[in-house]
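Undergrad: Please put together the full structure from these sequences, using the hints given.
Protein chains in written order, with my numbering: chain U, 1 to 479; chain F, 1 to 55; chain A, 1 to 129.
Errors might be hidden in some of the hints.
Straight-line Cα separation of at most 25 Å, PhoX-like style, residue types lysine-lysine; simulated pairs [said to hold, decoys possible]: (1) U:407 <-> U:477; (2) U:407 <-> A:122; (3) U:399 <-> U:477; (4) F:28 <-> U:477; (5) A:122 <-> U:475; (6) A:122 <-> U:399; (7) U:399 <-> A:11; (8) U:407 <-> U:475; (9) U:475 <-> U:399; (10) A:109 <-> U:475; (11) A:11 <-> F:28.
To give an idea of the chain U side of the interface with chain A (calculated C-beta under 7 Å), a few residues [said to hold, decoys possible]: (12) 100; (13) 101; (14) 209; (15) 213; (16) 281; (17) 283; (18) 307; (19) 339; (20) 378; (21) 435; (22) 440; (23) 451; (24) 466.
It is worth saying that the hints were derived from the structure and are not from the lab.
Since this is a predicted model, take the numbers as computed values, not measurements.
For each residue, glycine too, the CB sits at the ideal point set by N, CA and C.
Here are the chains, one letter per residue:
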Amino acid sequence: MADFNITSSSADGMGPHGTKVGLLRVLGPAHVWALGVGIVLVGEYMGWNFAVGKGGAYAALIACWVAGILYTCVAMIDSEVTSTVAAAGGQYTQAKHIVGPLMAFNVGLYLVFAYTMLEAANAITAGYLISVVATMTGYEGTLDQRPFIILAILFLAWLNYRGVLATLTFNLVITAIAFAAIVVLFLSTSGVVGTGIMEHAALMEGQAALPYGWIGVLAAMHFGLWYYLGIEGTTQAAEEVRSPARALPFGTLAGIMTLLIAATLTWYVCSGVLPWEFLGDGVNGSVAPLFDTARLSGSNLLIWLLGIGTLFATLASANGCINDASRAWFSMGRDKYLPGWFGAVHPKYRTPYRSIVFLVPIALIFALGAPLDQVITFSILSGLLGYTFMPLNVILFRKKWPMGSIKRGYEHPFHPLPSIVLLAICAVTFFAVFLGYGTQLVAMIGFYIVVSLWFHFWRYRFVSRAAQFTMPWPKPKGY
Amino acid sequence: MQTWNLIEYAAWGLSAVFGLFMVVDWLKTDTSYSEDVLTSSREGEIEAMTEEHHS
Amino acid sequence: MAHYIPPKQSKIGQLIDVVVLVVLTVGALFVPLKLGLSGAAKVVTTPVESPTWETLGQNAAQAAKYEALGYTPETAHDLILARFDYSFTFGGLAAMIVVIVLYYFLMLKFSETEYREVIAEKFGQRGGK
Chain U
1 MADFNITSSS ADGMGPHGTK VGLLRVLGPA HVWALGVGIV LVGEYMGWNF
51 AVGKGGAYAA LIACWVAGIL YTCVAMIDSE VTSTVAAAGG QYTQAKHIVG
101 PLMAFNVGLY LVFAYTMLEA ANAITAGYLI SVVATMTGYE GTLDQRPFII
151 LAILFLAWLN YRGVLATLTF NLVITAIAFA AIVVLFLSTS GVVGTGIMEH
201 AALMEGQAAL PYGWIGVLAA MHFGLWYYLG IEGTTQAAEE VRSPARALPF
251 GTLAGIMTLL IAATLTWYVC SGVLPWEFLG DGVNGSVAPL FDTARLSGSN
301 LLIWLLGIGT LFATLASANG CINDASRAWF SMGRDKYLPG WFGAVHPKYR
351 TPYRSIVFLV PIALIFALGA PLDQVITFSI LSGLLGYTFM PLNVILFRKK
401 WPMGSIKRGY EHPFHPLPSI VLLAICAVTF FAVFLGYGTQ LVAMIGFYIV
451 VSLWFHFWRY RFVSRAAQFT MPWPKPKGY
Chain F
1 MQTWNLIEYA AWGLSAVFGL FMVVDWLKTD TSYSEDVLTS SREGEIEAMT
51 EEHHS
Chain A
1 MAHYIPPKQS KIGQLIDVVV LVVLTVGALF VPLKLGLSGA AKVVTTPVES
51 PTWETLGQNA AQAAKYEALG YTPETAHDLI LARFDYSFTF GGLAAMIVVI
101 VLYYFLMLKF SETEYREVIA EKFGQRGGK
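TA: Dropping the structure here:
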């Protein structure tokens, strides 16, 4: 057995306190932005349009903005807590320090499932896109999408395995291209440059305005989350950014602003070109709405640009998902919430390599075995349970450690207003999911109740009590 | 058109290469380092260290 | 308070725990799927015989878009007329609310018990309790 050089000067400054091999601190704020926006931007390229199907184009716009408020609250709350609790695992580590172990275990699972399902959805979309390209270039048969789905997941897992800096630099480049593609599409079709092809008034005339009435607006909230789902994942990078207290709030808040712009532009161009029934059916109609909009623009350049943009967005998202899911899984292994075997760091690449490898077959099961809207719903539900946790988390955080008792890198304004708004919007979204996907919702919560009991009565015995509280904070108030 | 069939095979092949790389490297790493070193990472160590530097 | 020393878990035990979790996860997704309980299927409630763009309720601009996308009134029929059914029972809604609230309540309660233990061991008991 080779011994590892503990005193390496090229390493990350870890060493005392027992860590011989830790994650590497190499990332800057731009990487945090790329991680957050990279995961989410695919939501603009596919999936959000299910909201149109749920309630029409106007409903989707309202859902887009209400969900935008939800995520602005999420980003602010998250920035405050994470600028203080800077450790891999993000919300999981926050919950462990602020609410308690069982909550932390649940939050950790929310994260892993939300991201792994999203990764599966991305791989499905990438496979579909390649089959479209095959048809466009004159391939006659039906392309087998499976090798491309598998390749996407394995390539990105390999990239993640090899190191975080290359992974997120790759993400930065492809995310920037995908974002630029949306802006270019907007500029060239909206009439800002040249003649526009927007026909909002005619396409949203009569029954097409609000085809289901106001209940459709509520129902649209279900997929309204998809415009932004995953932005909270920036916190997973906490152990790998050079200065978490500064870079995390900056990257996260810049990310949510980018997404608000991208989401609104996307809604504008797509709803101005595609009739709502087609746009809203993400399975039989418009799987990739921005790409379809480009197709109707008649410009080959735009078709290629948005095709590439869609592919890049799916890859960037899957890439970020692998990064985040594996960090969350790794952190839980490190604390023995899961078998400690997962808490290993690769001595050369400095990545949680066992977690990365373990989650590959899980993602493949879902990518190859379940339909897209189910996978998306599973992901949204896990995300939603997580967003419901956040306001509880921050309220307890402010109660147990009032302002001034510990140093906060960022303090979110108007507390507790954002928490109350967030809780209220979460309740609305639960209702929206209930309309149509009630069974999944109950199945999902049933699953979390079963694993919670499993954790409380069995698994928790392997966790050492005090050692999991790692932040250098004073004793919480009231204990 | 034959090209796409070839691309399909290439995708299978590349998937196998990436998968094999990870599995081989994983097994190699697990056998050449002790479990204590691999799982020595502890949460919050950086925070503890910066505190020390500041004071 | 005495320090709690967790038992060391054997390799086999670790493996069993992982298998349990994976089985539960896959089950949660695929059981509703296999039972056919999942998802809101859209249905066409009032089909139109030999449809035209007009009878499908499409104006000239909308029809032009469908044609540009390669649809005819026949192929677009199901796509345009399919609708979700948003009717629900208040019993179902009440059941969902109870399940969600109960879930969060139980979780916060168990967490609190575990958390007090953590804090007590980390910072020592208050007032020599």
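Undergrad: With reference to the structure, classify each hint as holding or not holding.
TA: These are the hints, each one checked on the structure:
1. U:407 <-> U:477: Within the cut-off at roughly 16 Å; holds.
2. U:407 <-> A:122: Distance of about 20 Å is within 25 Å: holds.
3. U:399 <-> U:477: Holds, at about 7 Å.
4. F:28 <-> U:477: Violated, at about 48 Å.
5. A:122 <-> U:475: holds (9 Å)
6. A:122 <-> U:399: This hinted pair holds, its Cα atoms lying about 19 Å apart.
7. U:399 <-> A:11: Outside the cut-off at roughly 41 Å; violated.
8. U:407 <-> U:475: Since the Cα atoms of residue 407 (chain U) and residue 475 (chain U) sit roughly 14 Å apart, the hinted pair holds (cutoff 25 Å).
9. U:475 <-> U:399: Roughly 12 Å between the alpha carbons, so the hint for residue 475 (chain U) and residue 399 (chain U) holds.
10. A:109 <-> U:475: holds (20 Å)
11. A:11 <-> F:28: holds (19 Å)
12. 100: holds (3 Å)
13. 101: For residue 101 (chain U), the interface hint holds, since the closest Cβ of chain A sits about 4 Å away, which is under 7 Å.
14. 209: Violated, because the Cβ-Cβ distance from residue 209 (chain U) to chain A comes to roughly 12 Å (cut-off 7 Å).
15. 213: Violated - the Cβ of residue 213 (chain U) stays beyond 7 Å from chain A, reaching only about 9 Å at its closest.
16. 281: holds (6 Å)
17. 283: violated (10 Å)
18. 307: For residue 307 (chain U), the interface hint is violated, since the closest Cβ of chain A sits about 16 Å away, which is over 7 Å.
19. 339: holds (3 Å)
20. 378: Holds: closest Cβ of chain A sits about 6 Å from residue 378 (chain U), inside 7 Å.
21. 435: This interface hint holds because 5 Å falls under the 7 Å limit.
22. 440: Check passed: Cβ of residue 440 (chain U) comes within 6 Å of chain A, closer than 7 Å.
23. 451: holds (6 Å)
24. 466: Hint on residue 466 (chain U): holds, closest Cβ of chain A at ~4 Å, below 7 Å.
Going down the numbered hints, you'll see the structure goes against 4, 7, 14, 15, 17 and 18, while the others check out.
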